[in-house]
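**Q** Just so you know, the sequences run in chain order B and G.
Okay, so the first sequence: first residue is 1 according to this note's numbering, each after it adds one.
Okay, so the second sequence: first residue is 1001 according to this note's numbering, each after it adds one.
Simulated from the structure, these hints should not be mistaken for lab results.
Since this is a predicted model, take the numbers as computed values, not measurements.
Be a bit skeptical, because a hint or two may be false.
[As the list claims (entries may be wrong)] Reference excerpt, derived from the structure (chain B facing chain G, CB under 8 Å, subset only):
| no. | residue |
| --- | --- |
| 1 | VAL123 |
| 2 | LEU125 |
| 3 | ALA128 |
In this text, a Cβ means the ideal position worked out from N, Cα and C, and glycines have one as well.
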Amino acid sequence: MENLKALCYQLRKDTVDIIMSGATGHIGGDMSVMEILADLYFKQMNVSPDKADDPDRDYFIMSKGHSMEAYYAVLCAAGFLDLQDVTERYSKFGSPYIGHPHNELKGIEMNSGSLGHGLPVSVGLALAAKMSKKANRVYVVTGDGELAEGSNWEGFMSGAMYRLDNLCCIIDRNRLQISGSTEDVMALDDLAAKVKAFNWNVICVEDGNDLDQIDAALEQAKACKGMPTCIIANTIKGKGSPVMENQAGWHHHVPTQEEYEQIMKDLNTAKEALS
Amino acid sequence: MGNKIANRQVICEVLTEHAKEDKEIVVLCSDSRGSASLAPFFKEFPEQSVEVGIAEQDLVGIAAGLAKAGKKAFAASPASFITTRSYEQCKVDCAYSDTNVKLIGISGGVSYGALGMSHHSAQDISAMSSIPGMRVYLPSDRHQTRKLMESLLQDEKCAYIRTGRNAVEDVYSEEDCPFEMDRATVVREGKDAVIIACGEMVKPAKDAASLLEAEGIIACVLDMYCVKPLDQEAIIRAAQGAKVVVTVEEHSPFGGLGSMVAQVVSANCPKKVVGIALPDAPVITGTSKEVFEYYGMNAEGIAETVRKSLRS
Chain B
1 MENLKALCYQ LRKDTVDIIM SGATGHIGGD MSVMEILADL YFKQMNVSPD
51 KADDPDRDYF IMSKGHSMEA YYAVLCAAGF LDLQDVTERY SKFGSPYIGH
101 PHNELKGIEM NSGSLGHGLP VSVGLALAAK MSKKANRVYV VTGDGELAEG
151 SNWEGFMSGA MYRLDNLCCI IDRNRLQISG STEDVMALDD LAAKVKAFNW
201 NVICVEDGND LDQIDAALEQ AKACKGMPTC IIANTIKGKG SPVMENQAGW
251 HHHVPTQEEY EQIMKDLNTA KEALS
Chain G
1001 MGNKIANRQV ICEVLTEHAK EDKEIVVLCS DSRGSASLAP FFKEFPEQSV
1051 EVGIAEQDLV GIAAGLAKAG KKAFAASPAS FITTRSYEQC KVDCAYSDTN
1101 VKLIGISGGV SYGALGMSHH SAQDISAMSS IPGMRVYLPS DRHQTRKLME
1151 SLLQDEKCAY IRTGRNAVED VYSEEDCPFE MDRATVVREG KDAVIIACGE
1201 MVKPAKDAAS LLEAEGIIAC VLDMYCVKPL DQEAIIRAAQ GAKVVVTVEE
1251 HSPFGGLGSM VAQVVSANCP KKVVGIALPD APVITGTSKE VFEYYGMNAE
1301 GIAETVRKSL RS
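Same shape as in the complex, but just chain G (with noise of 0.2 Å):
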């Protein structure tokens, strides 16, 4: 509780404390440092940074460019523009022609909360999943986005990792992160049902479990951070034993973790999939804290599904 540093801002540390030394990171923004928390990034190291404006597939064009050249480049814009607006730069330009081009979605899913729809990613796990080559990313809190950061500077792949706006709170501490690469984190153990979560869903998840454990339901809650490339056994092993799946996303219902989730549980050990997201149709006008409350994302809202899942 109290943690006021959102996973945006925890991208831009790593990537400062990297910079000093690794001469290679070059940061990229579509007049989206502020928006970033990159600002820091920029003042300190300008020579490793390029701003290029309103312009985002510019923006992924030209990272993809810096990567086949050798430099290591996060280009940093709103999940909703460096995905749908710059899909094909992401597809054709980093993902098929295998750059080494970091894209990090910030302020994404409804972060934006009274802005709209245009403002609102919830299609980026399904467009970004779908492109081979493309590796997606939705860490959950601030401990989980450095371990996730600080993997990535060490591969040479491309990857969409998206973040949202506001600080969320804390799923894990400094002392206690777990983290494997492309493997999902257990949060923790459960036998009655199974609650798969990414993002900025897992807190809320894991607070669920809490409140079922009091009524008696221990439930399993997976951090599904690696969305792509999934951790199909984790799914299977924490599904087996379980009555029902619940997955979790500020997304779409179509195309992304709840639909994965579902294909891998339907062919390896068939069971009910319940899948909570946002509609799909604009959310409700409001802060994303109340947009979750009224769509059942919040603590309690995941608790009901999973009590009436169980039920019937």
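Next comes chain B alone, as it looks inside the complex (with noise of 0.2 Å):
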């Protein structure tokens, strides 16, 4: 777990190094959501590049699509992609490399970017495999913004009324949207309520950028029987530098030369601190 704690670190280098590559992205969201996927992909779900297409896998759909930067970081780590490649003609013109979700790349089984749309795909997910009697478990991210997209509350319905156990919808609450906290914008609190309130088993992770944590919470999950869970992590946008930190204006800020140097420096300081 210590060296997927720095790793975690190494893959915010390489999702700035992305995003400076193509002189776009949506850095905040890419550094809260980054343990999340890490986990997911490193510890918790059955999927490998040599099984893109096993019917057995588990699914994983990045509802908050515009995080695609940290998403490409992830599937480079875990081998679906090559992560030179990726860099190197990420948002260019031609490129397979788009800043959202494409699933013509391999590792990536749903298009999103469009808000609100990965729940419900992810109920119909794991409602085929409940239909089919099988074992595989559905994993949803989804902003905390996003979801004042009303669509999200009709898959929070639906993934209740079919006790949808094998789905697991992840929040990554960090609280900031483009146009500043989420409160201001569209209060989302008391967001653990309204999801417990919708026959959710709801789990709040303290830490959502603290591996241990996240990782718990997702075991809660996997043993939690006759309804989905949300797991509500509370994660800091721009995690990893404080150039960035809880910086609304950071959604999809393009760093300077001097604020990238900043940032690779307080990276790597962390990674090293980790490893």
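Combine both chains into one complex, guided by the hints.
**A** Written as structure tokens, this is what we have:
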């Protein structure tokens, strides 16, 4: 687990390099979601490049599709994609590596980008497994600002209605969206109470950037029977460097060269401390 | 004459027949199993049925998830809702993500009559056709609906199928229903004018041609059930020798069959194309039949448009 913690910071560095190369990206949410993605891909999920089409695989849906650069970094480290190729061609003319999930790429199940799509799709995936009496688990990561889309609440209803205990929704609760605080833009709190009222098992993770806490929550989710689980992971937008932490302006800011150097320095320091 | 079976009912029949053998078929409804004539399917195959409640975005998203996991998903809901209420799910989750979802729009066009514009789908052809990867079909009668559904069960791509609410008179018969996937059906040959229609407008188009024949005007009638992919060859072949092309559709005058036919004709064999469609306004209150008569979308109205177009 210690190495995986350090890996999260290497993945953050890879993510920043992808963003710098393409001169675009959603850096704030990329940084907040990293431990969630890493734990899913390297500890929890039954997925691998050799079995990308295995009918028994677990399914991952990136509903907050704009955190694609972090997802690229994870898919590369997991062996689905090549980091050098992604970094060089990200967002470039004619590139397959666009700014949102694109399921012509290995390892990506569904396209997203437009928000509020992942949860209903995941309900369908989980329902299919139940209908076929199969053991696939389905994981969907949503943003928090994204939850203003009503389609999510349709998905919360149907996930509970069909008692999909093979479904786990992880909310990257970084409390910021492009215009500012989620609570100022369209208030979500008490979010846990809301999701619980929809008949979901709700697990609140105090520090969603702590891999141990995320992993423990995902283990608890697996043990829950008869209802789907929603993990509300309290994270820090821009996690990894004070230059970008907790600032709405860094939703999709591309670092200047000076900022880049400071961010990489901070990420290196964090990585070394964990190595 | 005398047919009492609506096209939507045939869809249920075909799915029920196949679901006995094919356990991957899943039918989804949004509190619409009655409207969609799918209640018998839900009753016979509860384990292959999914109710999502009045939530069309969830309906299409769930259908896409089921399809991604290998199911053959058939999502049925009123045409006005499944297309425009869940348009983004149709675009992103079905077409863009390339999932095997068949979107069944029932009670399309002005089928809901006096319920008003909220329930009319006069935008669905235009909206769905402009999504890359989405196919759009409007079968004309029960026999063609059956053949279309049999064909769609064999492929793994998404499609939108629009049917009306009411029983429609037969265009074809059980013994004589020529059908080739994605090819228009030539209902009758003719050189003076070409009438190209889709869905429930094919029958009045055929009847219009009979009226015109009695006056010595021989019109070709094309059943363009495959609005997308449009059978361009059939249009060009029919239009080349004709003096005028008339299109008939239960849809807005913009972006539907008429617009598409006009594009093909103007690029390949330029001549007059006249579109018969619903107005760009809320339609007058009435049953489908009354509405069609009022806007000249019945046999006599279509015949009159052909006559006028040939004169001017």
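**Q** It remains to establish, for every hint, whether it holds in the given structure.
**A** How the hints compare with the structure:
At a threshold of 8 Å, the smallest CB-CB gap from VAL123 of chain B to chain G is about 5 Å, leaving the interface hint in force. Hint on LEU125 of chain B holds. Least Cβ distance to chain G is approximately 4 Å, under the 8 Å limit. With a cut of 8 Å, the hint placing ALA128 of chain B at the interface with chain G holds, because the nearest CB-to-CB distance is about 3 Å.
This entry satisfies every hint, going by the numbered hints stated previously.
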